[in-house]
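If you're matching them up, the sequences are chains A and B in order.
Heads up, the first sequence is in the numbering used here, so the first residue is 21 and it goes up one at a time.
Heads up, the second sequence is in the numbering used here, so the first residue is 11 and it goes up one at a time.
Certain hints may be false.
Stated by the list, open to error - Here chain B is said to cover these stretches of chain A; the calculated rule only asks that three of the stretch's residues, wherever they fall, bring their Cβ under 8 Å from a Cβ of chain B:
#, stretch
1, 163-172
2, 211-220
Stated by the list, open to error - Distance condition first, Cα-Cα at most 25 Å in a straight line; then the derived SDA-like pairs of lysine to any residue:
#, chain 1, residue 1, chain 2, residue 2
3, B, Lys-12, A, Val-159
4, B, Lys-175, A, Cys-169
5, B, Lys-12, A, Ser-189
If you are wondering where the hints come from, they were derived from the structure by calculation, not from laboratory data.
Ideal Cβ placement from N, Cα and C applies to all residues, glycine included.
Each chain, letter by letter, is given below.
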Amino acid sequence: MDTVVTYSFDLESHLHQDSNLKTLKEVKLSTFGELIKLAENGDNLLIAIVNINDTEQNGWNLCRDIYEDINLNVPVLVVVDAKTGDLKPNSKLLQNAEYFDDFISGKSTGVEVEIRINKILKKFGKQISKTIISYGPIVINTDTYQVLCDNRPLDLAYMEYELLKFLVSKPGKVYSRQSLLSRVWGYEYYGGARTVDVHVRRLRAKLGQEHENLVQTVRSVGYRFGLSKY
Amino acid sequence: MKSEEEYVLKTVKERGVRFIQLWFTDVLGTPKGFSITPAELENALSDGMIFDGSSIDGFSRIQESDMLLMPDANTFQILPWMIENASVARVVCDVKNNDGSPFEGCPRRVLKRTLDSTKKRGYEFYVAPEIEFFYFKDDLNKPVCLDNGSYFDLTVSDLATELRKRTVVALEDMGIPVEHAQHEDAPSQHEIDLRYTDAVTMADTIMTARLIIKSLALQQGVIASFMPKPLESEQGSGMHSHFSLFKGDVNCFADENQEYGLSTLAKHFIAGVLNYSKEITAVTNQWVNSYKRLVPGYEAPVNISWARNNRSALVRIPVAKLGNSEATRFEYRAIDSACNPYLVFALILSAGLKGIDHKMELMPETSVNLYSQNSETNVYETVDPLPNNLKSAIENMENSDFAHEVLGDHVFEWFLKNKKQEWERYARHVTDYEIGRYLPYL
Numbered sequence: 021m022d023t024v025v026t027y028s029f030d031l032e033s034h035l036h037q038d039s040n041l042k043t044l045k046e047v048k049l050s051t052f053g054e055l056i057k058l059a060e061n062g063d064n065l066l067i068a069i070v071n072i073n074d075t076e077q078n079g080w081n082l083c084r085d086i087y088e089d090i091n092l093n094v095p096v097l098v099v100v101d102a103k104t105g106d107l108k109p110n111s112k113l114l115q116n117a118e119y120f121d122d123f124i125s126g127k128s129t130g131v132e133v134e135i136r137i138n139k140i141l142k143k144f145g146k147q148i149s150k151t152i153i154s155y156g157p158i159v160i161n162t163d164t165y166q167v168l169c170d171n172r173p174l175d176l177a178y179m180e181y182e183l184l185k186f187l188v189s190k191p192g193k194v195y196s197r198q199s200l201l202s203r204v205w206g207y208e209y210y211g212g213a214r215t216v217d218v219h220v221r222r223l224r225a226k227l228g229q230e231h232e233n234l235v236q237t238v239r240s241v242g243y244r245f246g247l248s249k250y
Numbered sequence: 011m012k013s014e015e016e017y018v019l020k021t022v023k024e025r026g027v028r029f030i031q032l033w034f035t036d037v038l039g040t041p042k043g044f045s046i047t048p049a050e051l052e053n054a055l056s057d058g059m060i061f062d063g064s065s066i067d068g069f070s071r072i073q074e075s076d077m078l079l080m081p082d083a084n085t086f087q088i089l090p091w092m093i094e095n096a097s098v099a100r101v102v103c104d105v106k107n108n109d110g111s112p113f114e115g116c117p118r119r120v121l122k123r124t125l126d127s128t129k130k131r132g133y134e135f136y137v138a139p140e141i142e143f144f145y146f147k148d149d150l151n152k153p154v155c156l157d158n159g160s161y162f163d164l165t166v167s168d169l170a171t172e173l174r175k176r177t178v179v180a181l182e183d184m185g186i187p188v189e190h191a192q193h194e195d196a197p198s199q200h201e202i203d204l205r206y207t208d209a210v211t212m213a214d215t216i217m218t219a220r221l222i223i224k225s226l227a228l229q230q231g232v233i234a235s236f237m238p239k240p241l242e243s244e245q246g247s248g249m250h251s252h253f254s255l256f257k258g259d260v261n262c263f264a265d266e267n268q269e270y271g272l273s274t275l276a277k278h279f280i281a282g283v284l285n286y287s288k289e290i291t292a293v294t295n296q297w298v299n300s301y302k303r304l305v306p307g308y309e310a311p312v313n314i315s316w317a318r319n320n321r322s323a324l325v326r327i328p329v330a331k332l333g334n335s336e337a338t339r340f341e342y343r344a345i346d347s348a349c350n351p352y353l354v355f356a357l358i359l360s361a362g363l364k365g366i367d368h369k370m371e372l373m374p375e376t377s378v379n380l381y382s383q384n385s386e387t388n389v390y391e392t393v394d395p396l397p398n399n400l401k402s403a404i405e406n407m408e409n410s411d412f413a414h415e416v417l418g419d420h421v422f423e424w425f426l427k428n429k430k431q432e433w434e435r436y437a438r439h440v441t442d443y444e445i446g447r448y449l450p451y452l
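Take these sequences, add in the hints, and give me the full structure.
As structure tokens, then:
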């Protein structure tokens, strides 16, 4: 699965709401060894984002390790001090320049982070597969039909899967039962609009109490996926 | 390949499922099945699996013993427990003849046929059952209760309550939402109420739920039994079921401007169900033991009647909250938990539709409590009784063109033959009751 690894950096909080990078799995690491393990596990490592406290050597060593491991082929994006974003006059950025592929200031906005990442990926010939849809705790791989909720696989029946896929790909929008029926269901079903209710309940049961509110009932209209901001 | 089939194949691969159970149901409602490996799955989904139908109750016709199981990929579901450390999934199947044509003895087919014609008329039929059952200690000779709890009791940390909770979690993991689960009236008796679905999904679900209830109990060395009346002086296990008819978002049973909040169509429907109730009792209550539940005094119906707040009636109309017309429905209270749900739902739906077609007139509401009546008063004479034993139920069914039409030749004939045999075996049996009562005195 497409993975971004981060060191002392929270990618998700730096992305804007509709960012296509939100579909990526973000794994927060602290050592180089953990990165190797992930690679061995078969994760498709797209990029490593390393937050550097400019005066310390640890972060730079990490960048060097990733750069020098010829099997990894993982580009490195350096974030210069996520707290202050200050580039100090005695910065080691220049002397370590060969160990990273690009850098951003810790003060960078979401748009900049996204553009830099996409540019690096393009340069490395890496593509974000279009088969992952995610929202909050839910990650759907439409290629393998697998659904994770809080990294736990969900055992869905086919129509439950189809309904969830539809809803997750269009968060925040309200759909009537009739429109869900015509968009998600084919012709072979015995129920009518209430079949949608049945499947929503089944989905909620499988999402568990913690996440059942992701599928919200909009009274006398239909359903909406995603957490309400109000 | 259809996308639901691809979904099944990829899920089996991704999740490391080792066995896929193919489930189907015989004519008496007994769950049947066998397992295949992932290697056979693709072929099974496209061409079906051949099996020998001659040993399945209700399928046997010696000259055509090879039959085909066609998995319904939409029902594919990973089971919430492992078998020998391997993930196992199930898929519900339709039974077909060897040439791929539908097999008329398949109960799921009987229900689907009924639903197809209902759908053509623009109706959708929804069912919500209340499944009652007992937990007993693992002793096949006599029913020994696990607890002495009663209705709604909050019994503390007893095994049965723990089991019921675990069962509800397993059902929800399977995508079977549970409306309520509670201790029932009798000791060791429990009830799990399921949320409505369309009828064929619900029949599949009931088969699944019964299996989960039994399996989880067995894991604890406990027997879960759907026997209709295991304890003579306690209530039996019914499967009161709530039915409603919709057209899209509109509940066809509801009309707030009419008496009882019931539409004219609902009244015709219920009249139809009451009209044919005698003829379908052999199916809703298909065992000799079923009729020991249908006796006065235990909240089980004995007469053909309907009421709003009278639990002794055959049909109850729960009072829907004002403005909640979605909830308007009727409850049929004769059915027991040991029925074949496919056949029962097909018959009740068809009876209701006949009621609509012939604009049958709904009898007046029964307002008296039929149980509290002293048997010497004539209240029972004014209402028509349900069959009170299997023999009488068989006779009522045998003369029913209606049941014959709904079930089809194969199921109708086989079912009657099987039930007559059961009654004959029972009639010949000399019971403990007779030995205890007659041996010393006669």
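Going down the list of hints, with the structure as the test:
Check on the stretch 163-172 of chain A: 3 of its residues sit with their Cβ under 8 Å from a Cβ of chain B, so the three-residue criterion for coverage holds. With 6 residues carrying a beta carbon less than 8 Å from a beta carbon of chain B, the stretch 211-220 of chain A meets the three-residue requirement, and the given coverage holds. For the proposed pair Lys-12/B and Val-159/A, the alpha carbon gap of about 23 Å is at most 25 Å, so the pair holds. Straight-line distance between C-alpha atoms of Lys-175/B and Cys-169/A comes to about 23 Å, which keeps the hinted pair within the 25 Å bound.
The hinted pair formed by Lys-12/B and Ser-189/A meets the criterion: a straight-line CA distance of about 22 Å does not exceed 25 Å.
Going through the hint list in order, the structure satisfies each hint without exception.
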